[in-house]
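Residue numbers (my numbering), protein chains in the order written: chain A, 1 to 626; chain B, 1001 to 1369.
Any given hint could turn out to be false.
What the hints assert, rightly or not - Where chain A lies over chain B, by a calculated footprint (3+ residues, C-beta under 8 Å):
#1 1178 to 1187
#2 1235 to 1247
#3 1254 to 1260
#4 1281 to 1295
#5 1301 to 1312
#6 1317 to 1327
What the hints assert, rightly or not - Residues from chain B shown here face chain A by an in silico Cβ test under 8 Å; the list is partial:
#7 Trp1105
#8 Ala1136
#9 Val1194
#10 Ser1250
#11 Gln1251
#12 Ser1270
#13 Gly1274
#14 Ala1278
FYI, nobody ran anything at the bench for these hints, they're computed from the structure.
Built from N, CA and C at the ideal position, the CB exists for glycine as well.
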Amino acid sequence: MAVRRHIQTAGSGTLVRRTTYLVALMGFFALVLLARMSHLQLVRHSHYAGQAQANQVQPRRIAPRRGIILDRNGEILVANRASFRLILVAEQAEDAPGMLTRLEDQGFVKTERQGELMEALRLLPSFAPLAVRAMLPDEQAARFAVRRHQFAGVDIEGLLLREYPLGPSGAHALGYVAAVSAADKQRLDPSVYAGIPLIGKTGVEGSYEEDLRGSAGGERILMDAYGRPLERTSDLDPLPGGDLQLALDGELQREAFAAMESRRGAVVAVDPRDGGVLALVSSPAFDPNEFVSGMDSARFAELNRNPALPMFNRAVRGLYPPGSTIKPMLALVALAEGYRDPGQTIYCRGSYRLSANSRLFRDWKREGHGTLTIQDAIAESCDVYFYQLARDMDIEGIHEGLVRFGFGAASGIDIAGERPGIVPSRAWKRSAFSDPAQQPWFPGETVVTGIGQGSLVASPLQLAQATAQIAMRGMRYKPRLVEAIRDPVSGRLMRRAPESAGMVAPESAEHWLTVVDSMVAVLHGPRGTARATGAKLAYTAAGKTGTSQVVALPREGEADPGEIDERFRDHSLFVAFAPVHDPVIALAVIVENGGSGSGAAAAVAARVLDTYLASHSPPDQMAQAR
Amino acid sequence: MIPVAASFPVFGLLQRLRLDGWLLVWVALVVAAGLAVLYSASGGAGDVLLFQFSRLLIGFSVMLVLAQTSPRFLAMAAPWIYGAVVFLLILVLLVGEKGGGAQRWLDFGIRFQPSEFAKLAVPMMVASLLRESRQAPGPGRTMTAMLLIAAPAGLVVLQPDLGTGAVLLLFGMIPLFLAGLRRRFIAGGALTTVLAAPVLWVSLKDYQRARVLNMLNPEADPLGAGYQVIQSKIAIGSGGIFGKGWMQSSQAQFGFLPEPTTDFVFSVISEEFGFVGALVAMLLFIAILVRTLQIALAARGRFSRLLAASLALGFFSSFLLNAGMTTGLLPVVGLPFPLVSVAGSANVTFLAGLGILMAIHSDQRYLAR
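Working from the sequences, and respecting the hints, build out all of it.
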């Protein structure tokens, strides 16, 4: 053959041989390729087919609507507001930092956040979405939607944000929500919180999280590689959360907060008939709306560093010596247990000694109150009367009595963080101190407990509850902010029945009358310690002033109260209920460093009572109206 | 070969045009199927198809012209062509257009990539150099050949385009090897490479190493290159035995597969037509290899034989390199799939190479007559 002959000539043997080598080599590579193709397409086909499918179909959770919160009159206290935000996915944008700059140029991203966002962009993995703008105003959202094609990798996302119309006044009662944090995720069931962006942190938002939350739905979205949705398939509709109806009165809450005028302190008002919390204010406070869009750490640190403790819920966590506000409760126990008779009198000469050489316990009125009954002692807030009574009851008798008014134990209110306070006793002192020298109980401690000082401490909520118990002549209900939950499925309002929390001497009607009358005299009597406040009331109320010592002041009272540094001034307290014969509201007010009780706290209390009674006519008048 | 040609009357007509019938059949099949795949891979974009069609038309024209030449003319023209290409490669570095972190293009009204032309010019030059002696090249000629290969390869690496540079080295080495490159040179070269590579690699600083790795693919960071291969493997694997069908490549349609019309067109073929389709593609390239090897082995004259065999092996290895890249066997270095990828300069070069093979074939038949 002609070809063969040519090949044989002139050294072309090498060429043929070497061509054969290379062909063999390439044949080998072709076989490797074939094996690779078989592996990918035949052996691993289902794996890659699944991946191709997973590439396009992305499951997405749909956030449920969080339940809203209404006050007792149907006013919206916590609402949901539709909001837009911008999300940037770095790997979907060609040049993510450049895109950020363009968004800023067009006014979609705030200039002051630019540095922070660039940093976040650097730290986040490129597939992770970054919220570059929260709460995009509606008109900007519309403008973005039109130009969306210019911003590859940036998407607009609608979500429901929380809105707190009450602002700071409702902060401690209602609480706030924040983005589900990494720490939350560790603690919670991830399947429940998948697709749920917000979680209730404190207050009603925190304690009713499960009712408010709802459950996330799911859908599958067919997407292209640029994350553009092509088609949606709904798998599961989200289930909205239940709406809450509170016992709280929105107007009263605002009014009580305003009455505090940013002073440190708390106001707790309850409906004595069922334990519904009408107002729960801690002042100063923070604006929960700030938490919704994500608070920066500097602002959060600032709130926590503030010496006035705006993040601290004084209403349930603040513990104060109740001072003279404890006297009506002690008096009732004394009468019911037979330590005193209503007609029995003592003579007050302005001071009291346990024995001849013991310490002198002074009355607030240095010249003394003269001869008084237990009723006069409450109305005029005589300390000497209660020094003597305390000695006669002994600390154990006082302890037993006050515990029955709910002191020294958590009330069981439906928000978290409550502190139980302390009702001292010999057993308590032994367990509270590890140093044996501090463990013995001294008789002098019993004496000061009689006027609500010493180790006795209670929260404003506990004081309001004990006052409500007097208003109800012995019956106390468990306090609660939430009265009813609307079932999200059936739409039915599920009311919760009031729960009894304790009873004191219900059979001693005349003793209750004695105590209540004495508290009426505080406001309306000729020598009542709050008669100035009582004179302005359009209705008959019962109340009690209180002063709690912050630090031991020079005993002989050399210092004029006006000269004392504000921080060392006494706390001003006031408890009250009204109307006296058919009480609809009982409250406790404390103004830290507010000075004497008949001043600061009583004024706040009067304003709260006025507000509430103006819209809640006494039952007898209501009956007439019907 | 001649009896087969006689059985198709049209082949006779082609012979008069100095074209090879069988080679044209296989190439036409590849090109036709390739255009169909491109239509799908581009999501039905007419402009992509039009561009590819126009470049193929130029390629076929060049093929037709080159088929009319004689090997003797080509051997004499080789140094001029080589010189022109090296000049263009220097021009690229000076005034070339940048794109994707590299400078690869020249734009004289029509954009082209001189490094692609070098894939043909370098083996032509080496074959031309070695055509005189019937003996295995001695040390001097070997050194000359090595320098002639290294110069354009180095210029291309500077662009930087390490992938094409490596391919130039390979395409230049093929004729040198076929001409009988002495075993001790081969062994010495291999030993030097094996010994130097790890030493060189270790002596590099971390950032330099990263740069070398990055040079393999300047368009994307390592993570990006990884993404490309992952998506390519998903496309191929999800094709299965028979594929998803024409126009059904979800990986390309939805944009997951990068460069579906250029470097990763083989992934689209494999996804839409499955293992069977990929096998058919491979068989077509084997057919071209067989036909071009036939031409090479039948060729007369040392230049013709060296060049024809080099072009035959080069064409087939281009297919293997691209397929190896898309299946994750080789690093992603941006080598086109012959005659199917949208790559104007490369396709014109491939067709020019086939035109030269046809010229050699015609010459052989003419001399044999």
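| Coverage of the region 1235 to 1247 of chain B by chain A (three or more Cβ within 8 Å) | holds (count 7)
| task | Three residues minimum, CB to CB under 8 Å: does the region 1254 to 1260 of chain B make the cut for coverage by chain A? Let me know. | result | holds (count 3)
| task | Verify the interface restraint on Val1194/B: the C-beta must sit less than 8 Å from at least one C-beta of chain A. | result | 18 Å, violated
| message | Does Ala1278/B hold up as a contact with chain A if the rule is Cβ-Cβ below 8 Å? | response | At about 5 Å, which falls below the 8 Å cut-off, the nearest Cβ of chain A leaves the hint on Ala1278/B intact, so it holds.
| task | Could you check if Ala1136/B really has its C-beta closer than 8 Å to a C-beta on chain A? | result | Given a least distance of 7 Å, the restraint on Ala1136/B holds.
| said: Quick check on the hint: Ser1270/B CB to chain A CB, less than 8 Å? | reply: 7 Å, holds
| query | the region 1317 to 1327 of chain B covered by chain A? Criterion: 3 or more residues, Cβ-Cβ distance below 8 Å. | reply | holds (count 5)
| Holds or violated: the region 1281 to 1295 of chain B covered by chain A, criterion of 3 or more residues with Cβ-Cβ distance under 8 Å? | holds (count 4)
| said: When I compare C-beta atoms, does the region 1178 to 1187 of chain B have three or more residues closer than 8 Å to chain A? | reply: Coverage by chain A holds here, the residue count being 3 at a Cβ distance below 8 Å.
| Restraint check, 8 Å cut-off on beta carbons, for Trp1105/B near chain A | 21 Å, violated
| message | Quick check: do three or more residues in the region 1301 to 1312 of chain B have a beta carbon closer than 8 Å to a beta carbon of chain A? | response | It holds: at least three residues are needed, and the region 1301 to 1312 of chain B offers 4 whose Cβ sits within less than 8 Å of chain A.
| query | Against chain A, is Ser1250/B within 8 Å by beta-carbon distance? | reply | 6 Å, holds
Taken one by one, the earlier hints fail for this structure at numbers 7, 9, listed in ascending order.
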